[in-house]
Amino acid sequence: MISALLYLQYHSIKNRTLMRIKRLKQPKYLVGGIVGGLYFYWCFFRAIFVTPRGGRSITLLASPSNAALYESIGALVLLTILLVAWIIPNSRAALTFTEAEVTFLFPAPISRRVLIHFKLVRSQTAILMTALLLTLVTGGLRSNAWIHAAGWWLFFSTLNLHLLGSSFARTKLMDRGITNWQRRLAILALVFLTAGVVIIWTRQSMPPFEPSQMQDFAAVRNYAQQVLTAGPVPYLLYPLRLVVRPYLASNAMAFLYALGPALLLLLLHYWWVVRSNVAFEEASVEASRKRAEKVAAVRAGNWRAAQKPPRRKRSPFKLRPVGPPAFALLWKNLISAGQAYSLRVWVSLIVFAVCISLGVGQAAGGSSAREVLGSIAAMLMAWSLLVGTQFLRQDFRQDLPLADILKTYPLRSWQLALGELLAPAAALAAIQWFLLVFVVGLFWQAASARLGWQSWLGMGFGAALIIPVLDLITLQIPNAAALLFPAWFQEAKSGGAGIEATGQRLIFMLGQMVVFVVALTPAAALFAGVFFLVKMLLGMATAIPLASIAAAIVLAVEAALGVMLLGWLFERYDVSAGTSG
Amino acid sequence: MIQVEALTKLYGEFVAVNELGFEVKSGEVMALVGPNGAGKTTTLRCLSGIIPPTRGSIRICGHDLGQDPIAAKRELAFLSDEPRLFDYLTVEQHLAFVARIYQVKDYELVADQLLGELELAGKRNALPGELSRGMKQKLAIACGLLHAPRVIYFDEPLTGLDPMGIRRMKDSILKRARDGAAIIISSHLLHLVEEICSHILILKDGRKVAHGTLAEITQQFATQAGEMNLEEVFFRATSEAREGQQ
Chain A
1 MISALLYLQY HSIKNRTLMR IKRLKQPKYL VGGIVGGLYF YWCFFRAIFV TPRGGRSITL
61 LASPSNAALY ESIGALVLLT ILLVAWIIPN SRAALTFTEA EVTFLFPAPI SRRVLIHFKL
121 VRSQTAILMT ALLLTLVTGG LRSNAWIHAA GWWLFFSTLN LHLLGSSFAR TKLMDRGITN
181 WQRRLAILAL VFLTAGVVII WTRQSMPPFE PSQMQDFAAV RNYAQQVLTA GPVPYLLYPL
241 RLVVRPYLAS NAMAFLYALG PALLLLLLHY WWVVRSNVAF EEASVEASRK RAEKVAAVRA
301 GNWRAAQKPP RRKRSPFKLR PVGPPAFALL WKNLISAGQA YSLRVWVSLI VFAVCISLGV
361 GQAAGGSSAR EVLGSIAAML MAWSLLVGTQ FLRQDFRQDL PLADILKTYP LRSWQLALGE
421 LLAPAAALAA IQWFLLVFVV GLFWQAASAR LGWQSWLGMG FGAALIIPVL DLITLQIPNA
481 AALLFPAWFQ EAKSGGAGIE ATGQRLIFML GQMVVFVVAL TPAAALFAGV FFLVKMLLGM
541 ATAIPLASIA AAIVLAVEAA LGVMLLGWLF ERYDVSAGTS G
Chain B
1 MIQVEALTKL YGEFVAVNEL GFEVKSGEVM ALVGPNGAGK TTTLRCLSGI IPPTRGSIRI
61 CGHDLGQDPI AAKRELAFLS DEPRLFDYLT VEQHLAFVAR IYQVKDYELV ADQLLGELEL
121 AGKRNALPGE LSRGMKQKLA IACGLLHAPR VIYFDEPLTG LDPMGIRRMK DSILKRARDG
181 AAIIISSHLL HLVEEICSHI LILKDGRKVA HGTLAEITQQ FATQAGEMNL EEVFFRATSE
241 AREGQQ
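Protein chains in written order, with this note's numbering: chain A, 1 to 581; chain B, 1 to 246.
I should point out that these hints are in silico values taken from the structure, not numbers from a laboratory.
Ideal placement from N, C-alpha and C gives every residue a C-beta, glycine not left out.
Accuracy of the hints is not assured; some may be wrong.
[Said to hold, decoys possible] Quick list of the computed label-pair ranges, beta carbon to beta carbon: (1) B:D162 to A:W42: 58 to 66 Å; (2) B:L10 to A:M509: 48 to 56 Å; (3) A:A279 to B:G129: 27 to 35 Å; (4) B:L10 to A:I34: 47 to 55 Å.
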């Protein structure tokens, strides 16, 4: 029977790989594949062919002096993962199968044990890929690569078996009438008891750790080393250290010594999982249904539905039935974005920002706290300008799956485009104005002393003027990309796997940066021209706001043209192309 | 109300709809039937302005859909087989949104009436995710009918409805037709077509193979064997088209 399941697994992988190779005939995958391949070569494989010049590998290779420390840290990380797996989950054991697998395998004359074996074999594909990737990331290709790869494989295989076994054990406890909270309390009691023993031993056997020592990294490290490598901790972590040890082996002989106990532990886990006779079918059917719904939602472009069910949200304002229709889209998308963007919330936040800025200004006196906070706010503002559009997606990117419905609306295409952009633009501008109030307030004294308060206020005014128009432009770039390359957009959005998908995402990011710079250039040139001219004639305080107004006008014209272009693109958008591969 | 002339839609070199022409007058209910891939959905999408035709003209209540799409779209509603709703808007918010898009001044009265008629009155604050498939379909219908369209397209209107819902839907379609709307229904359910449609257009490979009242097309495909029902007409029409092509 297992041979049929192996046949299924083998051909699934083979066909998926062939499909990926075949689709490289399409330019979008070929270009994505080339760019992704170059990226991976540059990041991971280049080190094999090029001799590093003074660069340091990030390999976590342990030297004999700190091997025990690293081993204990690794064991602690593993312990944390295992504790989470024992404490947090509250449902019965469910093996994830696809809906097709449920349909074909569950009614078939296949024993539960064979299904578990199938699941274990299938999970090996992901484990092997993860082990390979982590070996590359941790720079292990140049030295002892095979040790690292095998170490990662042992680690993840044991972890996978333990998670499966713990879910079976949890189900058995539930069947015996032990509730989730009883189980959690028992585990937590055990954790606290063990931690208590360690703390008592530490207090009795080691000198106290002074808070002032926290600034000395070497002191912290030495103290941690003593706690983790002496007393009860090494014994308590012993089984977990066995799992981590092969990865940290410094040479082949050390690896072979570590391999035996680790393999024995792996086999014990395997025996535990296979011997567990737990009914997982019902929960698995439900889990596979949810998984299928998510996959279907992503394939249909409804990424939101795949994430989590939306909650009911209050309208940001009352939408009257008569008025500019584009505002209906703003209203709709603000509801989608959530209550965080209601006018009341933003007014409150700006008042709060003003108070905090002034308060910090008074309290900080001569210290640099104001400048540090102001710099953080300024950096956040710049960051939100560049990448804010990736977080606020209540526009065409959200509504593309419903493009056919939007196209039936009696609206001009530019009205649709404007309406779609308004909500994220308003939300982004509100966030940036909020940060701007902070920046202006926190740098008030320093900047006023250097530039004069009129000039500083003028700069704030200029930035406030330019920000919303700039947001409108930056939002047009990913929206235009989604309309121009819908299949690419779906691929990037759904987190498509493979080198070519990574390449596509990189191309998107690069394209966005280039277009952003091109859009900014005319406005920046005009700003500079007006600024220097007016500064010579009327002074700095007048020059900044006037130059900002000129730049804002250029950006507004660009934004208007962009909205028209976006509308035109939407008009030409083929609704059948949205989900096509 | 609906005038279609030489409608052609190409996808690359593939002809999805080929030189299609017909007219649907006020009060008429026309069925658009044909085998899978005949071009029914493409035709409906062209007629509702979702996709532009490659050639030909479409007039909705006298407005050319290509030249004056806004005026034409104000008069029509397209109700797809799969209810297409915004996940994050409640039933009430959907209606408020559609009212603003179509500028329906006193929409609350119409909305109340529609929600009552479609048994959605108790679900005003529900999100689509909290509604059954049939309820979602009803909400999509309420949104489509809110602006009192004079031209309505239904794509498989009975999908997902329970027996009571099916009866109400049929009654609703006939009522809209009696009130003067021009209606096109795309469906594979030939008994539905026989029951409520005054006219039938049979498509095959994007081409019109039969068009007229049920009596007219039955007569067109009648044999000496005696009376024929729509199912027999359908099979004869589509198989003759296939033979003709061969």
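Do the hints match the structure? See the list:
no.: 1; hint: B:D162 to A:W42: 58 to 66 Å; result: holds, 59 Å
no.: 2; hint: B:L10 to A:M509: 48 to 56 Å; result: violated, 36 Å
no.: 3; hint: A:A279 to B:G129: 27 to 35 Å; result: holds, 30 Å
no.: 4; hint: B:L10 to A:I34: 47 to 55 Å; result: violated, 32 Å
Violated hints for the displayed structure, listed by number in ascending order: 2 and 4.
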